[in-house]
Structures are given as structure tokens and as C-alpha cells.
Amino acid sequence: RKGEISHEELLEIEHASCQNLGSCSIMGTANSMSCLVEVLGMSLPGCGSSHAEVAEKKLIAFRSGKQIVKLIEGNIRPSQILNERAIANAMVALMAMGASTNCILHLLALGEELKRPIPLAEFDRISRKSPHLVAVRPSGKYLFKDFDQAGGVPALLKELAPLLHLEVATVNGHSLGENIKEAKNFNPDVLRPLSDPLAPEGGIAILKGTLAPDGAVVKQSAVAAAMKVHQGPAIVFESEEEAMEGLLQGKVKSGQVMVIRYEGPKGGPGMREMLMPTSALMGLGLGNSVALVTDGRFSGASRGPCIGHISPEALDGGPIALVQNGDPILIDIPQRKLELLISPTEIEARRKKWTAPEIRAPRGYLRLYAQQVGPSHRGAVVHKG
1 RKGEISHEEL LEIEHASCQN LGSCSIMGTA NSMSCLVEVL GMSLPGCGSS HAEVAEKKLI
61 AFRSGKQIVK LIEGNIRPSQ ILNERAIANA MVALMAMGAS TNCILHLLAL GEELKRPIPL
121 AEFDRISRKS PHLVAVRPSG KYLFKDFDQA GGVPALLKEL APLLHLEVAT VNGHSLGENI
181 KEAKNFNPDV LRPLSDPLAP EGGIAILKGT LAPDGAVVKQ SAVAAAMKVH QGPAIVFESE
241 EEAMEGLLQG KVKSGQVMVI RYEGPKGGPG MREMLMPTSA LMGLGLGNSV ALVTDGRFSG
301 ASRGPCIGHI SPEALDGGPI ALVQNGDPIL IDIPQRKLEL LISPTEIEAR RKKWTAPEIR
361 APRGYLRLYA QQVGPSHRGA VVHKG
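The letter at position 29 of the sequence shown is residue 29 when you use this note's numbering, and the numbering goes up by one with no holes.
The set of hints was computed from the structure by calculation and includes no laboratory data.
Every value quoted in this text rests on a predicted model; they were computed, and no experiment measured them.
It is possible that part of the hints are untrue.
[Claimed, not checked] In silico lysine to aspartate or glutamate, EDC-like type, Cα no more than 20 angstroms apart, as pairs:
no., residue 1, residue 2
1, Lys57, Asp189
2, Lys141, Asp189
3, Lys337, Glu167
4, Lys353, Asp327
5, Lys184, Asp146
6, Lys337, Asp146
7, Lys228, Asp146
8, Lys141, Asp196
9, Lys208, Asp124
10, Lys58, Glu73
11, Lys228, Asp124
12, Lys145, Glu53
13, Lys208, Asp332
14, Lys251, Asp327
15, Lys337, Asp189
16, Lys141, Glu167
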């Protein structure tokens, strides 16, 4: 878009970056959740990080099939493995991996399904005491394959053992502690020991404040130190498409805070990933000088001061719906603050004038979804109604 490389050069970069089968080569959402499924005890040891094209993956697939039959014959059900302690383990591992922010939604939704709702604040409590250990992009310099070769999930859990419930059951019939007993860390540069972490806190932080009364999510491990505290004027966009248009037209300037709203569970509807705007910010050289806040989601590949899952969302009348161009916004990740710096009187005056826009889906399943989906701070799950 900037004219710095040709289309042919772009294709060369793509072919060199994505050479073969499998998911992303970084700690994106797919790899993050694959690892967390193993931590939860719902896949065989080593499955979470094994590479798509190695013989080990085929062997794990074969063994998984055999184990599924055994589980069915023994009438072993997910509810006998998935419980609050297993989810707590996954939350610790999530923080240590610098995992995708989407994992927050999945674990919240799992808690709702188990009728054990997890307060969003619990993730931050765990983040405060769970160091970041895995140096995989976008929160480190290594690739996901390097993490697997360092020992993968079993080695990570061995490092985290003092913070875990090791007695929980897993699908192979052994406890989590038994599964990791012989695990080894083969590369402490990729998988740091608990005594020498990449950072003392976990990869994700939960922010709150006048812009996000019910919370917001940021991958703090992928934010440059200079942007962990930032105050700037808002530039507001009503959709991802409008934001992309503004970026490509040069409307977004260094120091600003991009606000992309009406992209939440109801507003989207569907809570889309703001991957295009975050990629464009990096490509335009604004990734470390412009913050982005949204009621939508982000790709696991996103990096920089990208704050998502703002709740209440705009369509529910959350404060993000009331932001105007030029409003000062404060982001303070160490203090867990996300503040709209205008007076309560002004906020109330704007609220009286605000009316909710029509749901973007005029009919069909998407409209039904928008009418029944819950807020992001409770996993954006659909409830009967």
C-alpha cells in the first residue's frame, strides 16, 4: 500500500513465511488453544505443540483415536475432567505462554458451560502471580516450533508446577502431575524457568475504568514499554471497514487512540477480529505510537497497544459508544486503567442524546445471535431467550 515493495516481493515474503501445512508459526489463537486443551487434560501429552508435518503428530492422532474408544467404553465424560481446578491450571498456562487474548473468551465460555462462571478479574489476579515464560512471537523472538522442541506443554507445566493443581485428571487416565513427571526443558532461552522469567507478570492484563466498567483485555507481553502508559486524543470509527479506510487515507496520526466500536458480540454481530487495522498500523509504522481500543477482538498475531473486548460494548450503550473525536483517553497497563477523561456530567449529557443503532443483521441467524448473545466479559455465549 505504501509502494515500498512490489506485489511480487510480497508474494515471495508470504511463501517464505508460510512454507507448508499447519496453523500459524507463532503463539496465535490456534496454537494457544491447542496447548490449553492439553493443559485442561483433554488431549494427550505432547499433542498441543507437536508440528503438523512430523511423524509424531500422526502417532498422536492414532493414539488419540484409540484413547477415545477407551474413554467411551469406560463412560468417562468431559465433566469428569473439566472442573474449576483444571480451568485454573489453564489460566496459569495462558499467562505463562503469552497466549492469544481470544483464550480469555474461550475459558470464560467454558466456565459458563460448566455453570461455574469465572469473574474476568480472576484472570488478572492470576496474571499478577504467573510469570511470562514462553519467548514465542509476538511476545518473544522464537517460533512455535522452537517451543515444541524445547519440550512443549509438558515442559512448560513442569516449570509451572508450584502454581498448578497437579492432582487433576486427564484423558490418558493419569493425573497431570504424573504426565509431566519426566518432562524436561531442553532450551531455557525459549522456555524460561520460573526463577528467571521473561516478565514477572503474565502475558495478558485486564483493564478497567470509565471506558470499560466491566473490563477490557490487552496482551501486555506484546506492548512496547513506551506504550504501556499512554494518553492521547481519540479518533473514532464506527466499524472495522471505516477504520481501514481512515488508516489508508492517512487520517490516523502518531499519538492518537483509535476507537473502533460497534464490533462487539452484538454490534458486529459476531465480535470480529480487528486483524486488518492492527496489521495496517504496524505496516504504516504507527504500531508503537498509536493505541487501538475496541469492543471487538484481535488476532493472536496482533501486537502493540491493542485493547479489546471492551465491556459493555457500544451497542449495549457502553461508554465506548459515547466517545467523540478528540476526547482524551488514558491507558495505564501497569495500573490496569482504561479511562475516558471527560467529566461525568458530560458523559451523562451524551448518554441522554445517544440512541442505539439498528442491529446490522436485518434477519436470520445472525440477528437471532445478536439478540441472544451475552457480553464479552462473560464469554460472549448465547443464552436461550
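Cross-check of the supplied hints:
no., hint, result
1, Lys57 / Asp189, "violated (25 angstroms)"
2, Lys141 / Asp189, "holds (10 angstroms)"
3, Lys337 / Glu167, "violated (36 angstroms)"
4, Lys353 / Asp327, "holds (17 angstroms)"
5, Lys184 / Asp146, "holds (14 angstroms)"
6, Lys337 / Asp146, "violated (34 angstroms)"
7, Lys228 / Asp146, "violated (28 angstroms)"
8, Lys141 / Asp196, "holds (17 angstroms)"
9, Lys208 / Asp124, "holds (11 angstroms)"
10, Lys58 / Glu73, "violated (23 angstroms)"
11, Lys228 / Asp124, "holds (16 angstroms)"
12, Lys145 / Glu53, "holds (11 angstroms)"
13, Lys208 / Asp332, "holds (10 angstroms)"
14, Lys251 / Asp327, "holds (16 angstroms)"
15, Lys337 / Asp189, "violated (32 angstroms)"
16, Lys141 / Glu167, "violated (33 angstroms)"
When held up to the earlier numbered hints, the structure conflicts with 1, 3, 6, 7, 10, 15 and 16 and fits the remainder.
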